[in-house]
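Colleague: All chains should be modelled from the sequences, with the hints used to inform the complete structure.
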Amino acid sequence: MSENPAYPVGLRLSGRRVVVIGGGQVAQRRLPALIAAGADVVLISSSATPSVEAMADGGEIRWERRRYQDGDLADAWYVLIATDDPEANAAASAEAESRRVWCVRSDDAEAATAWTPATGRSDGVTVAVLTGRDPRRSAALRDAIVEGLRDGTLVAPHHRLAAGGQATAADATDTGAPLPGVALVGGGPGDPDLITVRGRRLLAAADVVIADRLGPRDLLDELPPHVEVIDAAKIPYGRFMAQEAINAALIEHARAGKAVVRLKGGDPFVFGRGMEEAEALAEAGIPCTVVPGISSSISVPGAAGIPVTHRGVAHEFTVVSGHVAPDDPRSLVDWAALARLRGTLVLLMAVEKIGAIAAALVSHGRPADTPVAIVQEGTTAAQRRVDATLATVGERAKAEGVRPPAVIVIGDVVTVGPKRPA
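For what it's worth, numbering that gives the first Met the number 0 labels the leading residue of the sequence shown as 0, then goes sequentially.
Note that these hints are calculated values from the structure, not bench results.
Fair warning: this is a prediction, and the values are worked out from it, not measured in the lab.
Be a bit skeptical, because a hint or two may be false.
Claimed, not checked - Computed beta-carbon distance windows for the label pairs:
1) G256 <-> R402: 37 to 47 Å
2) D327 <-> D142: 47 to 57 Å
3) D142 <-> A247: 35 to 45 Å
4) P31 <-> S330: 49 to 59 Å
5) Y6 <-> T48: 42 to 52 Å
What the hints assert, rightly or not - Cross-link-like lysine to any residue pairs, in silico, SDA-like; alpha carbons within 20 Å at most:
6) K352 <-> T369
7) K352 <-> T388
8) K352 <-> A302
9) K397 <-> E376
Note that the Cβ used here is the ideal one computed from N, Cα and C, for glycine as well.
Modeller: As structure tokens, then:
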């Protein structure tokens, strides 16, 4: 074979016959991509791995349980040869050559007429890398490019085909494209590494970011200078930006053709008023993409070594907003019912009201010695944990100077795990 480089091309295999010879580990790795491409896959092999067999049982491929025979490549568009029989591989390769079918060989790349690149996908982009005879280098380059696309250090412009096939800018879609519109992005519990890949990518491509105080603030430092950052901080009992003003700002900037990210702490729909914003955008005719985030209700306890469920200890957990006291007429929480539950109770926004909440739970039957843990600023460098019981948590929180944001966990799961020093 000459030293000329391989000519890269993307095969459109949907509905076209593809033959895979051999049902071992190579086939197991390659088949999912062929299936995803919509190929009509025929597997020819006397045996197969359990995963490959499951693909056949599920109707994703057709499996002819036998060895390769001359004529098997009739009408094929593409063939993957991956058996441990050199003679069968050579015979199948010769048939592919005679029929002018592109052929990949796992045993002898030099004898093949096609090579499989190291392939990765991110946000609708397929990255395929060929570096000749060095597959490890191909894989390393692929990983670097895909990671850049995923974390936003590489930004691929998004377009979609308009009528007539012309590529044009478009409204934000459910693929996460950084186009005019609004993305409600859950930033996670605070650690910037815990935002989702999709959320980070949208943030990197934004023109305007409207950020909450509890969002991952460190990510704002990574934004390019041209990005407008609007502080929507709702600092408890201090300065605040009314929800109506936030809605208006989202609509205003989106209508100006900007790609807008509403960066929220945790998940947009877990006590985050995300649906209020989504409804306002829908009413204004603004495209909206919702990007779920890791909720602090499970991630913060986990970061502090507390599982919200544990075999033999808790089979349920309930997440409750504690911003309204149990005796407040505005409360929508059935505290008596919660007290009767045996599982874990997770309280958000409950630092100020924890004394009253603990008293209500005890009065309705929850044992006063039920373990409680308060995790302040969870997942950040300032994280700290304060342990107590329902009987002592109110005074303990005051004595320790606990401040929001904090997640409070009530239940026996607090004592699960390695013993903490007294």
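Colleague: Would you mind marking each hint as holding or not holding in the structure?
Modeller: Taking the hints in turn, this is what the structure says about them:
Between G256 and R402 the beta carbons are some 40 Å apart, a value that agrees with the proposed interval 37 to 47 Å. Checked against the hint of 47 to 57 Å, the pair D327 and D142 passes, with Cβ atoms roughly 53 Å apart. Our hint of 35 to 45 Å for D142 and A247 holds, since their Cβ atoms are close to 43 Å apart. Restraint check, P31 to S330: a C-beta distance of roughly 50 Å satisfies the suggested window 49 to 59 Å.
Here the CB-CB span from Y6 to T48 is close to 32 Å, at odds with the stated 42 to 52 Å. Between K352 and T369 the CA atoms are separated by roughly 18 Å; this keeps the pair inside 20 Å, and the hint holds. With a CA separation close to 15 Å, the supplied pair K352 and T388 stays within the 20 Å bound. Annotation: proposed proximity of K352 to A302 is violated, straight-line Cα distance about 23 Å (limit 20 Å).
Only pairs whose Cα atoms come within 20 Å are accepted, and K397 paired with E376 is accepted, the gap being roughly 16 Å.
Figure legend: structure checked against the earlier numbered hints; hints not met, in rising order: 5 and 8.
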